[in-house]
Amino acid sequence: MTGVFYDCAGDRTVAMSRAIRRAVAFIESSFAQPVSLATLAGTAGLSVSRFATLFRKEVGISPHRYVCLVRIQHAKRLLRDGVPPCEVAAEVGFFDQSHLGRHFRRAVGVTPGHFVASPESGSAFR
293 MTGVFYDCAG DRTVAMSRAI RRAVAFIESS FAQPVSLATL AGTAGLSVSR
343 FATLFRKEVG ISPHRYVCLV RIQHAKRLLR DGVPPCEVAA EVGFFDQSHL
393 GRHFRRAVGV TPGHFVASPE SGSAFR
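Okay, so the sequence shown: first residue is 293 according to our numbering, each after it adds one.
In short, the hints are calculated from the structure, not lab data. Check each hint, because a few of them may be wrong.
Unchecked claim - Cβ-Cβ distance ranges computed for the label pairs, FRET-style: (1) Gly374 - Ser341: 26 to 36 Å; (2) Gly401 - Ala324: 22 to 32 Å; (3) Ser354 - Gln325: 11 to 21 Å; (4) Ser410 - Ala382: 18 to 28 Å; (5) Gln325 - Gly393: 18 to 28 Å.
We put the beta carbon where it would ideally sit given N, CA and C, even for glycine.
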């Protein structure tokens with residue numbers, strides 16, 4: 293499995309349970325849609341509280357943060373391809389460009405505009 297999970301886990305060797313793998317796969321395929329904790333817990337076959345605890349333990353971040361990181365990963369690709377930030381926001385599931393900008397800056401360290409303008413956008417801000 294590839295995706296944001298390995299970026300979050302770093303060098304840790306983490307064995308994800310089948311339930312969390314199902315939730316991660318669901319997030320990876322449905323990131324642009326609203327994803328509730330209850331939906332993710334149902335996908336994993338766990339209660340909401342058990343799911344949230346197990347997800348954080350196995351992935352290292354909260355489910356919400358993981359969804360945001362998946363969205364940011366896809367936003368970076370679209371921005372590199374020349375898609376305007378306002379379209380990127382809608383495409384990856386953020387409410388608006390401002391919402392994208394806040395989460396993007398928190399995750400990447402620069403705004404989407406600076407990311408696009410930077411000659412290193414292909415490498416330094418991964």
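>> Taking the earlier hints as the rules, which of them does this structure contradict?
In response: 1
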